[in-house]
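Number of protein chains: 2
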Amino acid sequence: MDFSSKLLENAVDQVSQLPGIGKRTALRLVLHLLRQPKEQSADLAQAILNLRMEVRYCKSCHNISDTELCEICASPKRNKETVCVVEDIRDVMAIENTGQYTGLYHVLGGKISPMDGVGPQELTIGSLVDKVKAGEVQEVIFALSSTMEGDTTNFYIYKQLEPYQVKTSAIARGISVGDELEYADEVTLGRSIMNRVPFESSLKG
Amino acid sequence: MDFSSKLLENAVDQVSQLPGIGKRTALRLVLHLLRQPKEQSADLAQAILNLRMEVRYCKSCHNISDTELCEICASPKRNKETVCVVEDIRDVMAIENTGQYTGLYHVLGGKISPMDGVGPQELTIGSLVDKVKAGEVQEVIFALSSTMEGDTTNFYIYKQLEPYQVKTSAIARGISVGDELEYADEVTLGRSIMNRVPFESSLKG
Chain A
1 MDFSSKLLEN AVDQVSQLPG IGKRTALRLV LHLLRQPKEQ SADLAQAILN
51 LRMEVRYCKS CHNISDTELC EICASPKRNK ETVCVVEDIR DVMAIENTGQ
101 YTGLYHVLGG KISPMDGVGP QELTIGSLVD KVKAGEVQEV IFALSSTMEG
151 DTTNFYIYKQ LEPYQVKTSA IARGISVGDE LEYADEVTLG RSIMNRVPFE
201 SSLKG
Chain B
1 MDFSSKLLEN AVDQVSQLPG IGKRTALRLV LHLLRQPKEQ SADLAQAILN
51 LRMEVRYCKS CHNISDTELC EICASPKRNK ETVCVVEDIR DVMAIENTGQ
101 YTGLYHVLGG KISPMDGVGP QELTIGSLVD KVKAGEVQEV IFALSSTMEG
151 DTTNFYIYKQ LEPYQVKTSA IARGISVGDE LEYADEVTLG RSIMNRVPFE
201 SSLKG
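Chains as they are written, first to last, in UniProt numbering: chain A, 1 to 205; chain B, 1 to 205.
Please keep in mind that the hints were generated in silico from the structure rather than gathered at the bench.
On a predicted model such as this, the values are computed, not experimentally measured, just so you know.
Where a beta carbon is used, it is the ideal one built from N, C-alpha and C, also for glycine.
Careful, some of the hints might be misleading.
To be verified - Partial pick of chain A residues on the chain B-facing surface, computed with a CB cut under 8 Å:
id: 1; residue: Lys6
id: 2; residue: Gln17
id: 3; residue: Ala26
id: 4; residue: Lys38
id: 5; residue: Glu54
id: 6; residue: Ile64
id: 7; residue: Ser65
id: 8; residue: Leu69
id: 9; residue: Glu71
Claimed, not checked - Derived list of chain B stretches under chain A, where covered just means 3 residues or more per stretch with a C-beta under 8 Å from a C-beta of chain A:
id: 10; stretch: 65-79
id: 11; stretch: 88-97
What the hints assert, rightly or not - Facing chain A, according to a computed beta carbon distance under 8 Å, are these residues of chain B, among others:
id: 12; residue: Met1
id: 13; residue: Lys6
id: 14; residue: Val30
id: 15; residue: Leu31
id: 16; residue: Ala45
id: 17; residue: Ala47
id: 18; residue: Glu54
id: 19; residue: Gln121
id: 20; residue: Val177
id: 21; residue: Leu181
For reference, chain A alone in the conformation it holds in the complex (with noise of 0.2 Å):
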C-alpha cells in the first residue's frame, strides 16, 4: 500500500502488528482516530503506555492485579486449599462469572509451546510447584483449554506434581448445557459418556 504519508505509513504498520489486524483494518482504525477529536488519541496512547509499563502482577497466583496480593488471593472467604491452574486472565474472569468456585487460581501467563518458543521456565510453574510444596494446598485443579499445547502443559505440571502426592482433577469435559448431541463432536460427546456423572448431581446449577 502507498500511504502518500509516512506518519500514516507508521501507524497502520504499528497497529497492523496487533493480533488479527491487517492493513485494511489498521487503516480503518487510524483514519477514524483522525476524525475524533485528539484528546481520545492521546488517551489512548496514554493507557496502552501506562497499562505496559507499570503493571503489575499478584505475588501469589500472577494474575495482572495493582496491588501485592490481588484481591482473591487477599480475601478471606477462599478456599485457600484449592488451587485453578488457568492460561490468563481472561480465564480467571470467566471463571469467576460462574459463581461455582470459591478457591484460589494460578495464572500460568500461557502454555507450553516450543513452536512460539514458550518453554516451561517462560510460565509460572515453577511458583506453583513451591506453592503445593510448602503444604497448604490439597488439590490443583487443570483448567487450560484442551489443545495440544494446553494438555502438554497440563501433563508436564502434573509430572512436577507428583512427588508431592497432591490432588489433582481436570474441568469436566461434555456436551454444552443446552445443546443438541446430534451436533456434538465425536471426541466430546465420547468423553461425556466416559465421565458420566450421578444423575441427582446432573440436576444442579
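Assemble the complex: chain A is given as a structure, and chain B must be docked to it using the hints.
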C-alpha cells in the same frame, strides 16, 4: 467485566472505543501487548500520537500528506483538468491501484450525514467549488459510494457546481468483471443495462 486492575480496565476501555472492537477483542489485544516487549507498546502509542498531532493535509486536494502539496497534486504528469471527488484516502489508494486514472483528486473527508452530525460545512466542498470557480477544472467525476449519504452528497455538490457549467460525471456502476449475471442484484443489473457501452470499449482492460 471485572478486571481486578484499573490500569487494565482503562486500557481495555480505550481500545474498545475503536470501531468494530468490542471489550473482548480489546482485552485480547491488550493481553497480547503485555506478552510483547515494552518497546512494541511504546512504538504503537508513539505512532498513534505522532499521526494525530502532526497529521497534515494537502492544501489543494485535502488528502493526508506530509508535504504542503501532495505528490499527486504536485506531479507535472497528472491531468489538472479532471478532478475525482472521493470520500477519503482509501478511495484514492484504490483508484491509484487501478493505474487507469491520470487526473487529480478532491478528498471530501466524509459524506453528508445529518444523523452523524456531518453537514456540508464539515467537508471540503467549499474548496472544491472554489477550484471549479477558478476555471482550470473541465470535469468533475463523482466517485462516492452509492449509499443514501453518498447520493445526497453527490447531489449537493452537483447543485453547487451547476452555475459554473463544468462537466460532471459519475463512475460506472454495473456487474463486476468476472461476475455471473444471475447473482447480481436487480438495481446493479438494471443500471448496467441502462448504462451499456459500445461493444468495442467493453474489450479494453
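Hints violated by the structure (numbers, ascending): As far as the earlier hints go, 3, 8, 19, 20, 21 are violated by this structure, in ascending order.
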